[in-house]
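Top to bottom, those sequences are chains A and B.
All residue numbers for the first sequence refer to my numbering, where the first residue is 1 and numbers rise by one.
All residue numbers for the second sequence refer to my numbering, where the first residue is 1 and numbers rise by one.
One should not assume that every hint holds.
To be verified - In silico DSS-like pairs for lysine-lysine, Cα to Cα no more than 25 Å straight-line:
no.: 1; chain 1: A; residue 1: Lys-42; chain 2: B; residue 2: Lys-78
no.: 2; chain 1: B; residue 1: Lys-68; chain 2: B; residue 2: Lys-78
no.: 3; chain 1: A; residue 1: Lys-68; chain 2: A; residue 2: Lys-1
no.: 4; chain 1: B; residue 1: Lys-78; chain 2: B; residue 2: Lys-24
no.: 5; chain 1: B; residue 1: Lys-24; chain 2: A; residue 2: Lys-1
no.: 6; chain 1: B; residue 1: Lys-24; chain 2: B; residue 2: Lys-68
What the hints assert, rightly or not - Label-pair ranges, simulated between beta-carbon atoms:
no.: 7; chain 1: A; residue 1: Lys-42; chain 2: B; residue 2: Pro-70; range: 36 to 44 Å
no.: 8; chain 1: B; residue 1: Pro-8; chain 2: A; residue 2: Ala-9; range: 45 to 53 Å
no.: 9; chain 1: A; residue 1: Ile-7; chain 2: B; residue 2: Met-39; range: 13 to 21 Å
no.: 10; chain 1: A; residue 1: Leu-19; chain 2: B; residue 2: Thr-76; range: 36 to 44 Å
no.: 11; chain 1: B; residue 1: Val-53; chain 2: A; residue 2: Ala-9; range: 46 to 54 Å
no.: 12; chain 1: A; residue 1: Pro-14; chain 2: B; residue 2: Asn-51; range: 42 to 50 Å
To be clear, the hints were calculated from the coordinates, so they are not data collected in a lab.
From the three backbone atoms N, C-alpha and C, an ideal C-beta is built for every residue, glycine too.
The chain contents come next:
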Amino acid sequence: KQEVTQIPAALSVPEGENLVLNCSFTDSAIYNLQWFRQDPGKGLTSLLLIQSSQREQTSGRLNASLDKSSGRSTLYIAASQPGDSATYLCAVRQSGSARQLTFGSGTQLTVLP
Amino acid sequence: DAGVIQSPRHEVTEMGQEVTLRCKPISGHDYLFWYRQTMMRGLELLIYFNNNVPIDDSGMPEDRFSAKMPNASFSTLKIQPSEPRDSAVYFCASSEDSYTEAFFGQGTRLTVV
């Protein structure tokens, strides 16, 4: 059974810092990995999708990498801003017959002004 | 497209009552997922459908929970009878196929008193 772990569970940084969020998964038989953002009391917003054949994806100040063989992904946020404060979740899409999306427990990020 | 649409946004009901949550996926999306989110357990997959067919319902906690997808544009999650421990935010998500992004609705916050 796929297990997804996110470390750290919470992170607090001053504005302007570059930061890295980590995601690891136990089963490398995946189609892709997706990073989401969730603001308090809101739904999940998709940030980046990396296919299993890709190494990284970039969107603005966000860069996500994927090392499928080692079961790891990182989300790099450059020049963090208070508006980046949210919970960040990673999810892996299983390949094979079971194609569900399995989530980590998230990293709660606070960017201090 | 308006995105994944869930209704109601909030539901407060008394223990023992039947609750029906509704979801309209994005048009053309073949996969539909139902998740439950709580502070203690994070995001849990309850059930997912492919082309209106339930594929994996192993996450449905008890026989009190049931889900249907009568057509490609509508799904329901029903809890009968409801219990206070069912209180959570229920999310619906859809994706076009196994390789593309999953998009989430805004969720239904269920409170059972």
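Comparing the hints with the structure gives:
1. Straight-line distance between C-alpha atoms of Lys-42(A) and Lys-78(B) comes to about 22 Å, which keeps the hinted pair within the 25 Å bound.
2. Restraint check: the Cα-Cα separation between Lys-68(B) and Lys-78(B) comes to about 9 Å, which is no more than 25 Å; the hinted pair holds.
3. A threshold of 25 Å between alpha carbons decides the hint, and for Lys-68(A) with Lys-1(A) the separation of about 16 Å falls inside it, so the pair holds.
4. Proposed proximity of Lys-78(B) and Lys-24(B) is supported: the alpha carbons are some 15 Å apart, at most 25 Å.
5. Between Lys-24(B) and Lys-1(A) the alpha-carbon distance is near 29 Å, which puts this suggested pair outside the 25 Å criterion.
6. Proposed proximity of Lys-24(B) and Lys-68(B) is supported: the alpha carbons are some 12 Å apart, at most 25 Å.
7. Our hint of 36 to 44 Å for Lys-42(A) and Pro-70(B) is violated, since their Cβ atoms are close to 29 Å apart.
8. Checking the proposed 45 to 53 Å range against Pro-8(B) and Ala-9(A) shows it is violated: the Cβ atoms sit about 31 Å from each other.
9. Between Ile-7(A) and Met-39(B) the beta carbon distance is about 19 Å. The supplied range of 13 to 21 Å therefore holds.
10. Look at Leu-19(A) against Thr-76(B): about 41 Å separates their beta carbons, and that is inside 36 to 44 Å.
11. For the hinted restraint 46 to 54 Å between Val-53(B) and Ala-9(A), the CB-CB distance of approximately 37 Å leaves it violated.
12. A C-beta distance of roughly 49 Å is found between Pro-14(A) and Asn-51(B), which places it inside the suggested range of 42 to 50 Å.
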